[in-house]
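Enquirer: Residue 1 is where the sequence shown starts when you use this note's numbering, and the numbers rise one by one after that.
Derived by calculation from the structure, the hints in this document are not laboratory data.
We put the beta carbon where it would ideally sit given N, CA and C, even for glycine.
One or more of the hints may lead you astray.
As the list claims (entries may be wrong) - Once the Cα atoms are required to be at most 25 angstroms apart in a straight line, the calculated DMTMM-like pairs of lysine to aspartate or glutamate come out as:
| hint | residue 1 | residue 2 |
| --- | --- | --- |
| 1 | Lys-179 | Glu-169 |
| 2 | Lys-168 | Glu-153 |
| 3 | Lys-158 | Asp-115 |
| 4 | Lys-158 | Glu-170 |
| 5 | Lys-158 | Glu-98 |
| 6 | Lys-179 | Glu-164 |
| 7 | Lys-168 | Asp-156 |
| 8 | Lys-158 | Glu-169 |
Stated by the list, open to error - Have a look at the derived ranges for each label pair, beta carbon to beta carbon:
| hint | residue 1 | residue 2 | range |
| --- | --- | --- | --- |
| 9 | Gln-91 | Leu-52 | 27 to 37 angstroms |
| 10 | Ala-121 | Met-87 | 47 to 57 angstroms |
| 11 | Asp-174 | Gln-117 | 48 to 58 angstroms |
| 12 | Leu-61 | Glu-98 | 24 to 34 angstroms |
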Amino acid sequence: MVDYEVSAANNVGSHVSQLLKTIGNWSRPSGHGLYMFRSMFVSSSTAALVGLATAAVAGVLTGSGSLGFLLGSCVGFVGGSVHYYRMCLAQALVSLDEHPRLMQLHLAYNFPWLDYQHLQAHQLRSERWRTSTYARQGNLIAAWQSASAALDEIHDRKTSLILETIVKEEAARDSNRGKEK
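Please model the complete structure; the sequences and the hints are all you need to start from.
Expert: Here it is in structure tokens:
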């Protein structure tokens, strides 16, 4: 039964991938596609939660929560979108400072027509991107989204190195304590 469910999930995944490839070559993890889908999920979730909360308040105050839900969900969607954009931009700027070559690679990968592959090192600093146009910031966010797997791998490797160092230090401390006794 489990094998059938796994194969059915794989078939659905390949059908979705084929559909996305057909409507815009979205089967590869492009940054703008990732940002769009994640932003819609965050904004829709926020819209639902804020809409339900304002519907409950409006229902208690006026006896009907429909207008409260309508207004609350609109505010929730816009607020969720703006918040998600600002958080993505902040994280993309940090990643640009920490890993400029990786971010440049993903900028060039996602936007080959914009010549990001020819940027100089001093152009890959967060202070230059923080005050740039929304389009350019959006490109950086898209690059950060598509680089997320590589950034996670870098983080995991750094974590492993730190854990190895801690284990070695504790083993050395324990062996020194054993010698003292």
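Enquirer: Lying within 47 to 57 angstroms: is that true of the beta-carbon distance Ala-121 to Met-87?
Expert: violated, 26 angstroms
Enquirer: Is the Cα-Cα distance between Lys-179 and Glu-164 25 angstroms or less?
Expert: holds, 23 angstroms
Enquirer: Under the criterion that the straight-line Cα-Cα distance not exceed 25 angstroms, is the pair Lys-158, Glu-169 satisfied?
Expert: OK: Lys-158 and Glu-169 at ~17 angstroms, within 25 angstroms.
Enquirer: Lys-168 and Glu-153: Cα distance at most 25 angstroms?
Expert: holds, 23 angstroms
Enquirer: Need the status of pair Lys-158, Glu-98: alpha-carbon distance at most 25 angstroms?
Expert: holds, 13 angstroms
Enquirer: Are the Cα atoms of Lys-158 and Asp-115 separated by 25 angstroms or less?
Expert: violated, 31 angstroms
Enquirer: Need the status of pair Lys-179, Glu-169: alpha-carbon distance at most 25 angstroms?
Expert: Holds - the C-alpha atoms of Glu-169 and Lys-179 are around 15 angstroms apart, at most 25 angstroms.
Enquirer: CB of Gln-91 to CB of Leu-52, is that within 27 to 37 angstroms?
Expert: At roughly 28 angstroms between Cβ atoms, Leu-52 and Gln-91 fall inside 27 to 37 angstroms, so the hint holds.
Enquirer: Just tell me: holds or violated, for the beta carbon distance of Asp-174 and Gln-117 against 48 to 58 angstroms?
Expert: With a Cβ separation near 51 angstroms, Asp-174 and Gln-117 satisfy 48 to 58 angstroms, so the hint holds.
Enquirer: Could you tell me whether the CB distance from Leu-61 to Glu-98 stays inside 24 to 34 angstroms?
Expert: violated, 49 angstroms
Enquirer: Below or equal to 25 angstroms on CA atoms is what counts here, so check Lys-158 against Glu-170.
Expert: holds, 18 angstroms
Enquirer: For the pair supplied as a hint, Lys-168 and Asp-156, confirm whether the alpha-carbon distance does not exceed 25 angstroms.
Expert: holds, 18 angstroms
Violated hints for the displayed structure, listed by number in ascending order: 3, 10, 12.
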